[in-house]
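Peer 1: Heads up: the protein sequence lines correspond to chains R and Y, in order.
The numbering of the first sequence is numbering that gives the first Met the number 0, which starts it at 0 and goes up by one.
The numbering of the second sequence is numbering that gives the first Met the number 0, which starts it at 0 and goes up by one.
Think of the hints as simulated: they come from the structure by calculation, not from any bench.
Incorrect hints may have been included.
To be verified - As a list, the in silico PhoX-like pairs of lysine-lysine whose alpha-carbon atoms are at most 25 Å apart: (1) Y:K310 with Y:K37; (2) Y:K308 with Y:K37; (3) R:K237 with Y:K298; (4) Y:K24 with Y:K210; (5) R:K253 with Y:K298.
Said to hold, decoys possible - Some chain Y residues close to chain R (C-beta under 10 Å, calculated; not the full set): (6) F145; (7) L150; (8) G283; (9) L286.
What the hints assert, rightly or not - Restraint ranges, calculated between C-beta atoms of paired labels, are given here: (10) Y:F30 with R:E229: 22 to 28 Å; (11) R:V183 with Y:F30: 52 to 58 Å; (12) Y:W130 with R:Y67: 23 to 29 Å; (13) R:A230 with Y:S192: 40 to 46 Å; (14) Y:Y262 with R:Y248: 50 to 56 Å.
Backbone N, C-alpha and C define an ideal beta-carbon position, used for all residues, glycine too.
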Amino acid sequence: MKLGNYILRRAAMLVPVLLGVLVLIFVIAYVIPADPARAWAGQRAREEQVQALEERYHLNDPIHVQVYTYLKNVILHFDLGVSPTTGRPVRDDLKAFFPATFELALCAFVLAIALGIPLGVVSALRRNRPADHFSRIVALTGVSTPLFWLALILQFVFYFKLGWLPAMGRSTIDITRYTGFVLVDSVLNWNWTAFGDAAIHMILPAATLAFYSMGYLVRITRGSMLEVLEAEYVVTAKAKGLPRRVVIYRHALKNAIIPPLTVLGVEFGWLLGGTVLLETIFAWPGMGRYAAGSIVMVDLPAVVGYTLIVALVMLLSNLVVDILYSVIDPRIRVGGKGR
Amino acid sequence: MRIPGAAMYSSRYRLLQKRLHPITKEWGLTFYVLRHSKLAVVGAFIAFAFVFIALFGGLIAPYDPIGAKIEDRFQPPSASHPLGTDTMGRDVMSRMLAGAQHSIKAGLIVLAIAVPLGVLLGGIAGLFGGWVDEVIMRITDMFLAFPSLVLAMAFSAALGPSLFNAMIALSIVWWPMYARLVRGQALAVRETSYVEAARSRGASRWHIMFKHILPNCLSPILVTLTLDMGWVITAAASLSFLGFGAQPPIPEWGRMVSDGRIYMLRAWWMSVFPGLGIMLVVLGFNLLGDGIRDSLDPKLRRLTEVTWKRKKTSSSSTD
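Looking at chain R on its own, in the form it has when it is part of the complex (with noise of 0.2 Å):
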């Protein structure tokens, strides 16, 4: 199959999966809890209120109806409906907070990457020797440290103790925004006093998230890449008395990277997730800690727009993924290995 076809064909899919995770979302949202509107006037609202809301977010409408209306809006005119608690449409909450979320996203992934595969095939490479332990011993810590205390750990000593970073916010220079992304941004203005606020307002956050999708990746590329020196054509390549370079980045690596990348996809929304916990914590002005705010008011509309944004990102970042893949490996375009 040619790639082009191949990429147009996932891209489809993509479609029922959406639909039904939307109905997922509205269902859980809309049918489990047992009162919304009277979560949202307040605990001592009169039954008028209450009923008022419930007659302005169609609460009463049996559910299909509910999930049609939705439907209809989200797929129609992209709308969300409107928060109940802010009182604007969500669709503009969310985009006014998505970029802060999505860089510093993006910003662990790169740091998880940029250390965690290197660190996995030296450990690989280096096997039972101190390189390797140390990198087992990241790696450990990485996957059973709880983030959110990982979080607080770093601010006390690095901003408390130490000094040497902020705690807290985004960036603290006022720029002209075009595109949300303060480190963008600040490019765009050509302002590097600005870049070097925003990028150091990020380390911290970013390093918390980072760690554990590090410490994930280290431990699968180090499993796969011992698994793959001891591969036959591995052998044979050494036989041949290829330098060891050649062996190992054109043969072995080549091979081995094919796991760590198949999960990339999953660490991305993982990532993603997580920021709801760390967004709270380093008051980063973006989409989780938004999120984590509507959930506590039970604001539904918003807590179902931004699932949905999260899965729909989840997806692509899996499609991305998934493209890649079928870039170095041929093999899955044609459907022959096996699920």
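Given chain R, work out where chain Y should sit, using these hints.
Peer 2: This is chain Y only, laid out in the frame that chain R set:
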């Protein structure tokens, strides 16, 4: 038809695609390999210590974990309060000892709901195939399209914040991984000659499921289960940290970290120790899970088998 993501489901599941030795056979050797891995022993020790504390922590706790004692507030770690005291003068160590049960309860309940559900659905999908398989697996895919924490949060929000609801929410998001796992195994086992032989004898589908498919799934399930214990504990603590899980004054560890957050400068011990506790426990389950996986790895088993057999014969000859 496959849904986007050959890669999508692979994360933890991928680690288990290697064929593992069935847990029910030759468990003497399994135990031997396990016992000789230092890290696995450390992991097992931590896990058992944790279970012990969860069972008896409330009884060993030297102070009242719930009642306030304002005159003792913000005491740094000392001989009388090894891990310090919190804003209400409660002993942090006593609270941790008494709170361990909530973490382990969360882990056990979530897995006790999610694993049978996933195994059943995955088994049915793999066994029946056709449209049954399609429907079940598409639902599974939808659940896997979310980061589990986000989905669990949405559920918790809908159900209302409490530790019990957090467990329900986590169970709902945790089963799809097991459904995938079991279905994959079922598909593989279904094609083997011994299942064909059983079928030609007139064995029913359920007989094949319980006699052939499930026993083959036990090893990967056991390994995933052990590793997942740590993950569920972290997830439950994360939900509590965000305010969705345990409500005060329950001394749940994630909640304790969150309570100490604003006092970090004044009383760092309030957050640091409960978090350290979570980390240790998760580390323990990770080490144990890795150890069990290694002990069921056919390659490693072959390497150890010789010494094990020699030892066994020599010990039986001296008897």
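Peer 1: Can you list which hints this structure breaks, lowest number first?
Peer 2: 13
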